[in-house]
Amino acid sequence: MANRIVIDPITRIEGHLRIEIEVRDGRVTDAYSSGTMVRGFELILKGRDPRDAWAFTERACGVCTTVHALASVRTVEDALGIQVPANAELIRNLMFCAQYLQDHVVHFYHLHALDWVDIVSALKADPKKTSELAQSLSNWPKSSPGYFSDVQTRIRTFVESGQLGIFANGYWGHSAYKLPAEANLMGVAHYLEALEWQKEIVKVHTIFGGKNPHPNYLVGGVPCSLNINEVNAINAERLAHVGQLFQQAQTFVEQVYLPDLMAIASFYKDWGAIGGGLSNYMTYGDLPTAGYGDPSKFKFPRGVILDRNLNEVLPVDGKDPMQVQEYVAHSWYDYAEGNAVGKHPWDGETKLHYTGPKPPYEQLEVEQKYSWIKTPRWKGHAMEVGPLARVLVAYASGSAEVQELVGGALKQLDVPVAALFSTLGRTAARGLETKLIAGWAHEFYNQLLTNIKTGDTRTANTTMWEPSTWPAEARGVGMTEAPRGALAHWIVIRDRKIDNYQLVVPSTWNASPRDNEGQMSAYESALIGTPVANVEQPVEVLRTIHSFDPCIACAVH
Amino acid sequence: MSERLTIWEQARTLGHSRRDFLQFCAWLAAAAGIEASQVGQVVQALETKPRIPVVWFHFQECTCCSESFIRSSHPIVSDIILDKISLDYTETLQAAAGHAAEAALHETMKKYHGEYLMLVEGSVPTGADGAYCCIAGRTALDTVKEAAEGAKAIVAWGSCASNGCIQAASPNPTGATPVHEIITNKPVIKVPGCPPIGEVMAATIVHLLTFDTIPQLDRVGRPMAFYSRRVHDTCYRRPNYDAGLFVESWDDENARKGFCLYKMGCRGPVTYNACGVTKWNGGVSFPIQSGHGCIGCSEENFWDNGPFYNHLTNLPGFSIETTADKIGVAAGVVTAAGLVGHAVLTSIRKRDVINETKK
Amino acid sequence: MAEATYERVYVWQAPVRMYHWINACCIFVLVATGLVIGRPPALMSAGEASDSHWFGWVRFLHFSAAFLMSFAFLVRVYWMFAGNQYSRWDAFIPRNWTRLKTQWREMVNVLRIDILQLEKEPIDYVGHNGLAAFSYFGIFLATIFQIITGAALYAPMSTFWLPGLFSWVPPLMGGEAIVRMWHHAFTWIFILFTMIHVYLSIFHDMTEGRGEISSIVNGVRFVERK
Ligand code: HEM
Ligand code: HEM
Ligand code: NFV
Ligand code: SF4
Ligand code: SF4
Ligand code: F3S
Ligand SMILES: [Mg+2]
Chain A
1 MANRIVIDPI TRIEGHLRIE IEVRDGRVTD AYSSGTMVRG FELILKGRDP RDAWAFTERA
61 CGVCTTVHAL ASVRTVEDAL GIQVPANAEL IRNLMFCAQY LQDHVVHFYH LHALDWVDIV
121 SALKADPKKT SELAQSLSNW PKSSPGYFSD VQTRIRTFVE SGQLGIFANG YWGHSAYKLP
181 AEANLMGVAH YLEALEWQKE IVKVHTIFGG KNPHPNYLVG GVPCSLNINE VNAINAERLA
241 HVGQLFQQAQ TFVEQVYLPD LMAIASFYKD WGAIGGGLSN YMTYGDLPTA GYGDPSKFKF
301 PRGVILDRNL NEVLPVDGKD PMQVQEYVAH SWYDYAEGNA VGKHPWDGET KLHYTGPKPP
361 YEQLEVEQKY SWIKTPRWKG HAMEVGPLAR VLVAYASGSA EVQELVGGAL KQLDVPVAAL
421 FSTLGRTAAR GLETKLIAGW AHEFYNQLLT NIKTGDTRTA NTTMWEPSTW PAEARGVGMT
481 EAPRGALAHW IVIRDRKIDN YQLVVPSTWN ASPRDNEGQM SAYESALIGT PVANVEQPVE
541 VLRTIHSFDP CIACAVH
Chain B
1 MSERLTIWEQ ARTLGHSRRD FLQFCAWLAA AAGIEASQVG QVVQALETKP RIPVVWFHFQ
61 ECTCCSESFI RSSHPIVSDI ILDKISLDYT ETLQAAAGHA AEAALHETMK KYHGEYLMLV
121 EGSVPTGADG AYCCIAGRTA LDTVKEAAEG AKAIVAWGSC ASNGCIQAAS PNPTGATPVH
181 EIITNKPVIK VPGCPPIGEV MAATIVHLLT FDTIPQLDRV GRPMAFYSRR VHDTCYRRPN
241 YDAGLFVESW DDENARKGFC LYKMGCRGPV TYNACGVTKW NGGVSFPIQS GHGCIGCSEE
301 NFWDNGPFYN HLTNLPGFSI ETTADKIGVA AGVVTAAGLV GHAVLTSIRK RDVINETKK
Chain C
1 MAEATYERVY VWQAPVRMYH WINACCIFVL VATGLVIGRP PALMSAGEAS DSHWFGWVRF
61 LHFSAAFLMS FAFLVRVYWM FAGNQYSRWD AFIPRNWTRL KTQWREMVNV LRIDILQLEK
121 EPIDYVGHNG LAAFSYFGIF LATIFQIITG AALYAPMSTF WLPGLFSWVP PLMGGEAIVR
181 MWHHAFTWIF ILFTMIHVYL SIFHDMTEGR GEISSIVNGV RFVERK
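Protein chains in written order, with the working numbering: chain A, 1 to 557; chain B, 1 to 359; chain C, 1 to 226.
Worth flagging that the hints you see were computed from the coordinates, not collected in a lab. Just so you know, even glycine gets a beta-carbon here, dropped at the ideal spot from N, CA and C. Keep in mind that the hints are not guaranteed to be accurate.
If you only want the chain A side, here are some residues facing chain B, beta carbon under 8 Å, derived [said to hold, decoys possible]: (1) M37; (2) I44; (3) D52.
Chain A on its own, in the form it takes in the complex (with noise of 0.2 Å):
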């Protein structure tokens, strides 16, 4: 057996992530992704009143919070049959633009910034040359000598009180590090604006869900009212506030976000050929336009793409039993059939049992199960989801929007198309959808003030609110485009009840284990050639595991 490494806890993360793997000659060989926490959700949901299970999903995770609740409130929808106002529909878009505005510039500053920018070399910037630096890239006002100066200073006494905090034992100075020291120090100014930042644009959440995290949604529609001549409910100056979000999130995220990504991608093309992986890509999609119902006029269309082929798009469908299938081959579980099979979460189980190593321990058994997450695939394909599946079936389906904001991105940093299969790619393509969302969130808004200046207001369809109302036995299927990526839940309800809840989470697509049959799923595959320069430093690995922004928590739930 060759050497295996060991990187767990895989920090900078959602949850509890473990990656093993093996190198030889520099580069990974072998690679696998274990999820070492697990709560037991879907059989918490069991029995519970139906319309209850977006609070419960939501809890999944703290960080993508909202996207459960989304796909939960659809679940219970779709399985009664209910059809949510239009400015509902209108309210939730507008809660999700907000939630992915704030989630994709966490992950890139505070999560993934890190991979790229040495905090250390930050010290040996000329804070002139930074604010030259700046200034070329954008016109965000903060951008002075003298601001760059005492950032500087700050991070320097930080540095010189011995006392690293966070920074602690860091890879810096790691030869996989290429900015100058300006970019430097600009990335670690914005690390720490974009900390102050994103605690406004979740304000959206707050104003129509009542807080952040997990904000309140509600089947049939949004808890909220609208009513402009009242002060208890969204009124003028609550919407004013909303669209001032949205208007600061924009500024943000073309004045600071994409330039710092840009400028960053400039120096790591090389990382546009490492960390590809599987060639599989799909969403859900989601943004209606036109009703949840009509998939056609989403923003984010739906679609798979197999092999890299940008020329087909393939339709999806959550309830054909043959599309969407979970294995627990290599996961701790039990199915009754045996775990060979695969079985559609409308006849998914959950059954935790534990058959790893007794803890400590030092080395998964990779040969039998090793993961709490379960294995999905669609129609036995392994698929990558997130970001970059979402940009490539836009592009693909033919979205000019997309095309175009792309092109001028490859064309910028002077990649070909291909370069976007890649650790560099997935991490651009979050950079433009958050672009596209920013822009999205006020076509939206817009819509929403049109609704309600033509005496729209209504954001509750509560004609099937009562559980007398509801036939004895109904199953659902709730999709959404989680930052992260497909997500969807499944839910059978009997005798008012639920009867079986299944999540499938972005995560779960891209964390999991092996299949049955031994095909690796996206981490496992993107880790295969990446190089490796110091095993006892693997900056290369987080580079491509943080690619694809993970979130355990969610892939096991």
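Fit chains B and C with the ligands to the given chain A structure using the hints.
For chains B and C with the ligands alone, kept in the frame of chain A given last:
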């Protein structure tokens, strides 16, 4: 230890003026609910103390408490983590991974034994010998015990660490356990909520930092400063409650007027939290203000106190849609029928006795 | 059936009778207001909060009756030690093994004669019969439970120290939501008790003719002279 800078020294090297610093102290005092006359004490504390080493654990959780923490708007979180504390371990934000991260943790636990603050997000599973949550190959159960050993104070963030939260909801498949049930020889400060309000989390740290004492806690271990009032007692819709003006159905006329959400299942009357006062995300709103009832997220076992849209919790052993009233009415009907039947029977069978007694 | 002679026996002393009626009135009010608190009817949908306080009044009535009932109950408990043999505590709780067996036999008899009507002739008890004693004991316990849970719910909305004595209850029971649920559920015990109790009073009065109903007003019952 002499190379540890005090907070004031830090502030000075950061170019903050004495005035800024005093203002900051006054803010801290206010945030921690301290009398104006005691601000001097705060100033002195910050002038003389080094940054407290802090280790933040993640166990069975959704990381939403971390997310909430970084939403804090008054002490801005970058100020806290760069200037006020030394956050030496937190899987969510720290640069190092794997062995390097674990090394940072163990270094702090060794070097600052008895001095570091231990913050816990998430519950600890006790099922399957702890295998439901492992980090670096070790169980959360081991880690929490080891780290508690040298901790100066322990804070349980959120409902997960305070009472088990969602994963402890029936049937609690993993044996999820709150911290205070594992660490029984040290006080655990509980800051429940799913998640707790960011500013409340920040202020709890500020209190520990400033006073070196545990804040005054209520009967179940929550800081009185934030958990001494029911949401219902600070709810701005309360006048509607007393007036009997209720929302009857979602988005009805009453909802549009902001009537009380009691009949939509609001748990404000049984929930202790600062939501009505501190509100969320810099004071923008809170659940009730945005039209949804409180689900009681800072209360023990609130997940099992559902369904959320019924005023009352289901009776244990009975499923949804079976409230006490339904059982009561059924029992009442059966009883009434029994009594009527009995009366009829009596008047037939005991007619003679009744007639006799009439004499 | 042979002629029988009856003698007047003073059974229910004044404190017992007063307690009985205060308690009965309070329970009536508590049940009615409690159910309204639990499920307020949609009386108003227009209007301003400042114009009305009806729900507040309902709650006020509940709390007032609650206090009255609690204090009356305390007096009754005192009388369990100071009163006559029919009102003493051991008229409800068997004081020893033989009394327990007697009570058990009485309960079986009452069930056979009154409820199942397997025999015609009533048995004569001076105080309450074994089954009644048992049910009163139960209702006394339920009353204590309601007082404790009610006071626990009342404590946070009051600065009065008395309910504050019960603030240990919610943490013990698992939170106020649970306390409320049980406080509400126990309401039905009172409703069911009252239905059966009032029916049986009338039933006994009619079948036995010993002044069952009037006895709880004037204290006097008729007992067959031996
Ligand atoms: C026979 C005795 C009693 C009955 C049948 C009764 C019944 C009820 C009922 C049905 C509720 C509504 C619960 C809900 O659905 O939320 C209630 C609430 C309440 N009761 Fe009682 N109760 C009794 C005695 C008491 C006593 C002795 C107290 C003591 C102070 C008390 C204090 C309360 C309080 C504080 C509430 C909550 C009211 C609110 O917050 O608005 N109750 N009661
Ligand atoms: C028409 C109405 C009522 C009549 C005629 C009546 C009659 C009586 C009588 C005769 C007794 C003596 C018990 C015995 O024979 O062993 C008694 C006891 C009792 N009754 Fe009633 N009752 C009435 C209504 C109520 C109501 C509404 C309640 C409350 C729910 C109530 C609660 C009690 C209690 C707790 C006792 C035991 C009292 C003690 O020993 O201190 N009664 N009642
Ligand atoms: N994977 C995942 Fe999530 C997302 N995005 C949810 O569906 O992160 Ni917490
Ligand atoms: S308490 Fe709630 S918000 Fe915090 S980690 Fe647990 S589930 Fe998430
Ligand atoms: S909305 Fe909830 S917390 Fe507010 S007054 Fe009504 S019941 Fe109380
Ligand atoms: S649900 Fe939680 S956020 Fe506040 S209003 Fe209720 S305690
Ligand atoms: Mg699942």
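Going through the numbered hints above, which ones does this structure break? Give me the numbers in ascending order.
Violated: none.
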